[in-house]
Amino acid sequence: MKSETILRWSVRFYIGVFFLYLFTPLIIMGLATFNDSRFPTVSPWKGFTLKWFSALAEDDAMWHALWISVIVAVGVLVVAVPIGICCALFLSTFQGRGKTFLYSLMMSPLLTPGVIVGISTLIFWKGLSVSGGVMLTVIAQTTFIAAYVMLMVLARLQRFDRTLENAALSLGATQWQAFRRILLPYLKPAIISAAGIAFLQSFENYNTTLFVKGYDTTLTVYIASKVRTGLTPAVNALGLVMISITVILAIVYEVKRRREQSIHS
Amino acid sequence: MFSQLKARFGSSLAVGILGMIAIWLLGMVILPQLLMVDYSFRPNLFPSEIGGPKDVYSLGNYETLFSNLIHLKIFLKTIWSSVLVTALTLLVSYPIAFYLAKVATPRQAAFCLLLLVIPFWINEILRTFAWYIILAYKGPLNAMLLGLGFIDRPIRFLSGDGGVLIGMVYAYILFMIFPIYNAIESLDSNQVKAARNLGAGWIRTHWRVIIPHAKPGIATGCIMTFMLAAGSYAVPSLLGSPGSRWFTQIIYNWFFEGGDWNQGAAYAFLLLIICIGFIALVMRIFKVGLGDIAK
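Those protein sequences? They're chains A and B, same order as listed.
One point on numbering: in my numbering, the residue at position 112 of the first sequence is 112, and numbering is uninterrupted.
One point on numbering: in my numbering, the residue at position 155 of the second sequence is 1155, and numbering is uninterrupted.
Just so you know, these hints were derived from the structure itself, not from any lab.
Warning: the hint list may mix true and false statements.
Claimed, not checked - Using 30 Å as the maximum straight-line C-alpha spacing, the simulated DSSO-like pairs for lysine-lysine come out as follows: (1) A/K126 x B/K1054; (2) B/K1287 x A/K99; (3) B/K1287 x A/K2; (4) A/K256 x B/K1102; (5) A/K188 x A/K99; (6) A/K46 x B/K1138; (7) A/K99 x B/K1006; (8) B/K1138 x A/K99; (9) B/K1287 x A/K226.
For clarity, every value in this text was computed on a predicted model and none was experimentally measured.
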């Protein structure tokens, strides 16, 4: 039993160290925002300041990049969510030869490095005389974000009871009515989550966007360029704001998801 | 194919579904990739020369990699470092995944998972930037090590591959933990108990019972981590230095500084081949199919 106790405590210690490792960087980054130093750091501490938030608010390039990011993310949402839903509907309906192949093909954008998705989109559209910009960014990001949407919708679709649909059809509903009134409401929670994930994925994307952005800098690209040239704690202020928003959204999403799960199970 | 869809959704909706899928698969997934490969076998020409006598297929763009020793070295280093990142991430992740799936009480596990998910939601650039601050020459890590007397003068973490490796393990660890956690969670705990009761030690139980069951999860985690590491641009550009370039940075330079897209396409295709090769290798080692991975 003695060795068991040692094992238990060492596992606990490991878990503790792991979570420390997970959160320390984020905490230090946040703290550095409030340090009155020209370069973002926490050592040495030069006093508390809020001036980097006002520096951030006056940064017009940042606001412009934010605007571009929002446009791109909304564009991705509008294109990728319907495509993902269609793929999920197709996979849950079609049975037969070639299904595994098509499924692998639909999954392949997730197993392809982001830079390659960006490069192939850039080359493809160059042939059609379209160069980098908001439109290409939307297209390139849709390539893989649609696959995420597909997976999320498909997961819910697999638990759908087809007899509900058949009942509607035999009671005289048209196929469109059955889809509109039965399947779509059932899929709604998955579609909303997928839309949220799609928006976030688009907003955060760097590797793919870098190749297709043209002169339209998104917020993530802007942050990366700031880190390499002209780094001030204003970048931390921006990071802190973004982290706070994502953490709140993440908690709301998780709590909501769990509540739904506990209702269903 | 169409008849099954039509029977369920009616013809207009079925046409719409197939149309959307066709646009996506052909216009965004298949044709761009094929065109990239086509591009990579052609020479870089002036627009007026395209389609002319010089526009012939050749392996020239691929030979560049093997004649340019610096590029070849970076190419091999990228592969090797990505394998290292994958192995390191697996090593760190496995105990966490096992703890969450089998040791922790449901309440503890739910809380830990929520904690794990939070950094996962945060932008990769910001997570990497956080390490940039920590590892800086005058940063808190050096200050702490100096203060504790472990080192006499600050270490340059950011001029070498060390910083890049640390940043990558941090950035991609959740892509490893979640698939393994999901796989271990589906294991019947009675099997673990049975192995223990029959006298197997902890190591043997893991090796013979838990790891074989978790294979699809481990394979998925390894594939995702390797792909993300080999294809990463953000981490090496933030945490690396000119001396520790990544292959993606060479590709980027061909496109936006060298202006030779054909050459860049060839390098990009090589990167893709490496990733596909790694997927095939992992599937063979773990004896799992594509269907297991996608789950």
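Taking 30 Å as the top limit, are the C-alpha atoms of B/K1287 and A/K2 close enough? violated, 38 Å
Going straight from one Cα to the other, do B/K1287 and A/K99 come out at no more than 30 Å? With Cα atoms ~21 Å apart, B/K1287 and A/K99 stay inside 30 Å; holds.
Has the given pair, B/K1287 with A/K226, been kept, meaning a C-alpha gap of at most 30 Å? violated, 45 Å
Starting from A/K46, check that the Cα of B/K1138 is at most 30 Å away, please. holds, 14 Å
Given the proposed pairing of B/K1138 with A/K99, does the C-alpha separation stay at or below 30 Å? Cα-Cα ~56 Å, so violated.
Tell me if the straight-line CA distance from A/K256 to B/K1102 falls inside 30 Å. holds, 25 Å
A/K188 and A/K99 were given as a pair; does the straight-line alpha-carbon distance stay at or below 30 Å? Cα-Cα ~25 Å, so holds.
Going straight from one Cα to the other, do A/K126 and B/K1054 come out at no more than 30 Å? holds, 20 Å
Given the proposed pairing of A/K99 with B/K1006, does the C-alpha separation stay at or below 30 Å? holds, 17 Å
Violated hints for the displayed structure, listed by number in ascending order: 3, 8 and 9.
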